[in-house]
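Go ahead and model the full structure; you've got the sequences and the hints to work with.
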Amino acid sequence: NAGVTQTPKFQVLKTGQSMTLQCAQDMNHNSMYWYRQDPGMGLRLIYYSASEGTTDKGEVPNGYNVSRLNKREFSLRLESAAPSQTSVYFCASSESGGLAGWGQFFGPGTRLTVL
Amino acid sequence: DAKTTQPPSMDCAEGRAANLPCNHSTISGNEYVYWYRQIHSQGPQYIIHGLKNNETNEMASLIITEDRKSSTLILPHATLRDTAVYYCIVIGGSNYKLTFGKGTLLTVNP
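Which chain is which? The protein sequence lines are A and B, in order.
Heads up, the first sequence is in the working numbering, so the first residue is 1197 and it goes up one at a time.
Heads up, the second sequence is in the working numbering, so the first residue is 1295 and it goes up one at a time.
Hints were generated in silico from the structure; no laboratory data involved.
Careful: at least some of the hints might be erroneous.
Said to hold, decoys possible - In the DMTMM-like style, the derived pairs of lysine to aspartate or glutamate whose C-alpha atoms are separated by at most 20 Å in a straight line are:
#1 K1253/A x D1222/A
#2 K1210/A x D1222/A
#3 K1297/B x E1275/A
#4 K1396/B x E1275/A
#5 K1346/B x D1361/B
#6 K1363/B x E1352/B
#7 K1297/B x E1360/B
#8 K1396/B x E1269/A
#9 K1205/A x E1255/A
Quick caveat, the model's predicted, so the values are computed rather than measured.
So, in structure tokens, the structure goes:
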């Protein structure tokens, strides 16, 4: 099992450009999440999907959109990138159908720089 | 969700047990205690979680006090690769959204 995979690993954008971060999991998990981590700070939840077909906003959703393409894949889109979105982005998944009691498993991250 | 308090840093000698404390005095009955860690530049890693009883897996043991107001993560034989920031998180019910605070930086020394 590959677990949670993310592409790309690194990306540099210019202000105003758009891009989509891809995430896939092969653990048959119901729930998937997108977090960002800024230097010296903890993770902050951007969006999550409790189950296939549902998405909801987290703590810092502004400037982002998501798509739960199927049970395996959950993408994060930046429509018009801004320097404030320079960060490391982590995708995670859990077996939970929306309940606590299940660990979240994280991908290796995408390091995004917006110039 | 209940707030947690952890020491900002701890040291441990390689091969010894590392005991990481966490206070969560406002925890409610349906809230779980989770532990994650993050090794520099990597994604967070799930370690263990528990509700009331002590738990053990291949990575660690989790000891929860009887009143559930505090817990201790135990790494039985710490190695240099266990150097990381360890996060104690309390979460429960239908709220499964993790909030990562500052955690404890555990440094394992040779």
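Hints, one by one, checked against the model:
{"no.": "1", "hint": "K1253/A x D1222/A", "result": "24 Å, violated"}
{"no.": "2", "hint": "K1210/A x D1222/A", "result": "32 Å, violated"}
{"no.": "3", "hint": "K1297/B x E1275/A", "result": "35 Å, violated"}
{"no.": "4", "hint": "K1396/B x E1275/A", "result": "30 Å, violated"}
{"no.": "5", "hint": "K1346/B x D1361/B", "result": "9 Å, holds"}
{"no.": "6", "hint": "K1363/B x E1352/B", "result": "25 Å, violated"}
{"no.": "7", "hint": "K1297/B x E1360/B", "result": "18 Å, holds"}
{"no.": "8", "hint": "K1396/B x E1269/A", "result": "29 Å, violated"}
{"no.": "9", "hint": "K1205/A x E1255/A", "result": "24 Å, violated"}
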